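J.: Required output: the full structure, derived from the provided sequences and hints.
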Amino acid sequence: MILKICDPSRKCLSHSFKLFQHYKSNTFIEEMSGNYYFVIIGHQDNPIYEQEHSSRDSQNKKDDYRDLCQFVAHASLDMIDEHMWTTNNMYLKIVDKFNDWNVSAFVTAGKQRFIILHDVKNEDSIRQFFQEVYELYIKVAMNPFYEPNTPITSQVFHQKLKVLCRRYLI
Amino acid sequence: MSQCSQPTSEFIKSTFGPKIAVVGSDEVRKLCLNDGLTLVELLKPFSKLNTEFQIRDPTNTPHVIKGLHLSFGDPFKPGESSQVFRKLINDDISSNHVPGNMALTVKGYQVKQSCPWYEVFRDLYFHYFQTQEHDSIMHNLACIIFVSAHEDDPVAQFQSLTEEVMKSPVHWVDSDMMCYHVLVQDMSRKPKTPADQTMQSLSTMYGPATCHLLNLHERKETESEPPGPNPWRQFAKDRSQHYGGETDNKANLTLLQMAMDDNSDGEADPLGANCPDTGANLLPNPMLSDQQKGKQCGENLTIADQSAIRVCINDFVVRGLLPFNERRMRALNEALNTRRGLRGTLFSATKKLFSAGPKPGVAGKVPANPGYLTDSPEILLRRLGDISFLLQHYTMAYTSYHQVKRDFQNDQAYNHYAAALEMTSLSLFMGSGVRREPHPYYDECINVYLNLCKAPLYAMRATLVHCECLVSRGYYLSAASWFIKMTNDEADLNSGLLLEQGAHCYVRMDPPSLRKYAFHLVLAGHRYSKAGQRKHALRCYKNAWDIFKGKGWSLAENHIGFTIGRLSYNTRDIDGAYDAYQSLLTHDEKSVHVMHSQILFQKGIQDFVSVVQIYLQSQAPGSTVELPIPIVDNNRIHLSLFGEQFAGVVKETPDFDKVKRRGEVELEERAHNLITEGRISFFKPSQTVFSGDTLNTFRPICAINETVTVLIPLKNPLQVPLTLSNISLHCLHSPRDPNHPIKQIKTPSRGSSPDLSYKNKQKTAAKDQVETSELARLVLGPEEDVIISLSVTPLVEGNLTIASLIYHLVSTKAVDKQGPDGNKESVMENMIPGKINLHPRGPRLNNTKDQRVGQVYGIDNRLNLLVTSPLPKVELKTASLPSHLFCGEVKCAVIEATNTGATPLTNLCLVTSRPCSLGEVRLSPFQPVVHPRGGQYCHVIDPTYKDPPAALVDLPDGQLNPGQTAYIAVWVYGGEEARTYDLVTLLYFTPSTDIPGVTHRAVSTETKVNVSVSVTVESQVCNITPTSHNKLHLLGSVVVNNVGYYSLSLQDLHVTQLSLVSDRWILQSLESNIPLVVYPGASINIPFRAELALKESAYFSSVSLGSGPLVDTSANHVLDLYKRSQACCEVNKNCADKSSPQFNMGMLVFWEGSVSEEGNKTRVLHAQHHTALQTSLVPLPDQLLSLGLSYKESWTADFKTSPLLPVPVTLHITNCFNSSLTVMVTANTTAGRPTPPKDTLPFMWSGMVQHKIEIPDHVTQSVNLTAVFSTPGVYNINQFTVSVLGESGVLPQVIDSTSLLRVDAL
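Sequence lines, in order, name chains V and D.
With this note's numbering applied, the first sequence covers 1 to 170.
With this note's numbering applied, the second sequence covers 1 to 1306.
Take these hints with a grain of salt, some might be off.
If you only want the chain V side, here are some residues facing chain D, beta carbon under 7 Å, derived [claimed, not checked]:
(1) Asp-45
(2) Asn-46
(3) Arg-66
(4) His-74
(5) Ala-75
(6) Leu-77
Keep in mind the hints are simulated off the structure, nothing from the lab.
Model, not experiment: these values are computed from the prediction.
Quick reminder that beta carbons are idealized off the backbone N, C-alpha and C, glycines included.
T.: Written as structure tokens, this is what we have:
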């Protein structure tokens, strides 16, 4: 019953929620399409790794939507926590939307949540991206010096993730 | 959605209750105004009727009406202009910002559940909502006409008013509406016509059921009566708020914009403000003058009056309203039933017609409203529904609405359709027997209002009711999405309210969506702040902050924190602003990345400075606050004793080299051992540098008036520049406790702070206790790291703790000022005093299990200074120490040691890390001179002389007084290896008086010395020959190889002197002067000769080569340098090896050269090299004898006749030694040789094969031997051994040559 009700809610979120006005002008969307914001979220809802990626060289205005990304990603956790019990897959597809941002999620076996905010739909690539990041994440998590749920500072992880971003998030 | 004060059904009953138009004559209005009320206000407190009424519905079934809620309104009152409405909403909401106490705890977060401002908003929205034709439920159901009995002709008044009402453009539910007539009599006055008469004429005219006499002011004011509760008090409160209350000026937004958009109907916009913006319009009721606004409302009305009004309304309902509408219902029902047949055909026809047409919900061209006649069946059906709904007959209402909505839809009368949908849903909701879910109708209704009718005002109203219904049934998610859907870009206040309600819906979900709640609160706060509702915005942000805080969402936290700071500042909540900024600027290590928006923080710092300024005004004067910026890296704080008064920026803290430090401690300990001479004494290395790398368990000891330099690394974490001024150190001072031995303070204790014992007594150091330097101004660039250097000079004995860094944080604001000479930009500066506490932490401990498992840190005392009475202090100048040397070079440098302390020092001791030798010491500047000696000389080394581990400087009085300078000559030796090394020069000294805690002090400097290659020296003994007079001569040679061929600067290298250190041999001068110049790449061979001394002693003999003067080898430094050389070590090692008696000597080669330096200067350099020589006690033992064989080399024999051939051989032995020797000759082909020779044929010796003979010195004797051969061939007959029998044993002599003999057969 609850699930039935959630669907219209997401729809209306996507259409009507234009609060941060400067985010919604059409020129802005055209300039900024192909943007991604990736975040790994720990068990206390704390971000442990953040990465932004843009498939185009649209670096301007980047600061403006950074905090919005964090808000959207954090708000989508409620949807993710609800969705992850309805499927056996780790990849949850698009779970939430806000304005032009789609939120795709991936929940690992250890219930670490990977979230991507993207403004273009790109399901297969994002699925592959999540899989590969999962592999990378496992390697980080197996490091005895890495304390779980703390920010990932490994440069190797960072570099490899950037390569993955370039490969999949186009 | 928040919890509302009234239940949902009550809300709907009051919102959609019967509307009653109230009309009064002028006299009645005046009467009311005397009580400070309008007519509507007079009735309003009694609009809710708690009694139950019973009616009969069209099927004659009894129906009970409970809790009827009438709403009275003045039909002639002009509609409020949108500005007034906007202002009312804004004011009411801004004055209503305190949430109720109802709270919900969700996952540990407190969520306040009641939002009274939302209800205020909703009530106002409904109150001022102007209905249109299609929305007939909101139309007036009946009319009450009030006329005063004091009028000239009340009956005529009634008639004229009734006509007026009939003509007015007011909408009525039923055009045939009911009028109720109330005659008001003021009992304090006497009417012209008695009221009873008027009533009678009224009854005859209108019927007794619709007339009523209302008596007011029945009792005199003079009569004492306990004042009852005044139901009108709230009007007085509201009014005073609207007039005198502080209003927020920033009223942008709201319904004006909404109304502007709402022009799709083409009708006159009820809220579209065509009214001119005049001051009068802004008053809620122009009739209320200023003198009345202060007057208490309804204070003249007694309890009896209240009950009279109540009775009047009750009468109106029971006698007028209900029976009339009961009849209307019945009539409408009948009328509809008669038309049903016709309607059925009409219905089916329209259905066919429009089934293929555009469907509602699909956005098409908006059709014009088909006009319905007032008696058209649709309108009649709708009217039946309305009356049933108002009379709470929800079943009948539902059937009517449900039927009529389909008709409206088919007719594409979307306004009517949407209104019918709304009412269908509400009837379902209110009806007790629920057959269907009411919500889909409402969803459809809102969509139709939004998309087809383009009536956002109606959509909004529908949403407010719909969400209330949804929430009451527990559909929070749908409610949230509707709330959020109704937000728009223009109306900020509305959107803020709706978003906040949406957020509340999320949190009431099961499970609660706390994160969505937080996000929507932030959005709501954003809209509130845009609408100028700062207190509401602040509350939203603060609630969201509780959820976001401490999770590491750096940017989100920054956004919220910064907004809270600004809003708190703007609402004069200085404490709140201070806390918000403090946490905002505090660097959080947990955050993944710290990227701050530059503009945000530029403004933020300005605000922060202003906030702290105001905050400080509320604190005690002179107090400072601990500021979070800039960041001090506590672990890298660097303290060095013996500093200078200085305040500035340094590039980097000096590196700490553990190896070097160990070397220094070693040097210091060496000096300490020399001074204490092995007495048992606790050695504690004196530490002058305290940093993160040193062990800081001991407290720095500093004397009065000695300056301590503290280097503090600062970091600006922000992306905007920070300006600091007046930076200095803040110190705490406590007098020394004589009962508190220093050692106990120093003993490192785990756990609690070691200084606790005296910290209590600490107080802020006054200016006469400590002198600190001040850095006037420092600008830290974005994310810049800077190390500042500050100094502290204690002036009083005791304990001094450097507690904090104090400074002023400056915020600069560019202000454009019109100067006399044109435009000039001046900068306004705002500054606040701040401090950062310094608390360096010791290293993490790892000794016990507790320490390994937990995180235990050692103590760090680097900022807890112990200030002692004045101590001597040495300033060391080592400018003349060379920076470049050649291998073997010896150079004299003068070190200046000045006692800059306040007391004399003793036991000055110099230690260096490399072979150096102490020379002369004087108290005045001098040039060390090398005393020349002529020719050749020899002196005896003092056997007790030892190479000193450290050199005690021989001071004239044994002490160096303050201000005196000791000049110490030091011979620096280049060493034998070309490399660069650090020459550490350490001066150790003790204070002349005993000062507890201070055994000694030390000061050291370091000089980098670069050593380049010059020559290599080898020496060897060639021969030892006996001379006459029973003396032995040693002949040897020294090879000097100039390898410095690539160092062109070294020229004119020539050997000047040879010296020999030996206990038996004395160097003799050579006969001839041989050339001694060594060219680059060349080598020369210098022969030397030495003579065996008669007596064993430590001889140091020198011989000059060439014409130059001799180096005075009796000077200590020559011997010192030799003793520390590798050659000397080798000699000593060989001497220790007693197994083979040998002579071990040290050979010293002195040479000179010239080096061209900068500025065409030439420096003559002196150098000495050392090499070890080794020779045995006697001349080589196998050369004592000289041996020779004489025999015939070729023989012919016939071995057939005689098998053996004897051959005579003569051995000649010469004694080469000075005395006679006993020689043993053994002729044996195998004896004496490890292996028999394989290259020759075997033979035998015969006859006497062993001889023992005595040979005097230098005499040759012969031994005859016979060799026997049996086969022809070539033989080596050198197969015998000769050995000398000495006292110490047998010395075998070797015959090297091969002696061949050939035997031929016949």
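J.: Looking back at the numbered hints, which does the structure fail to meet, lowest number first?
T.: As far as the earlier hints go, not one is violated by this structure.
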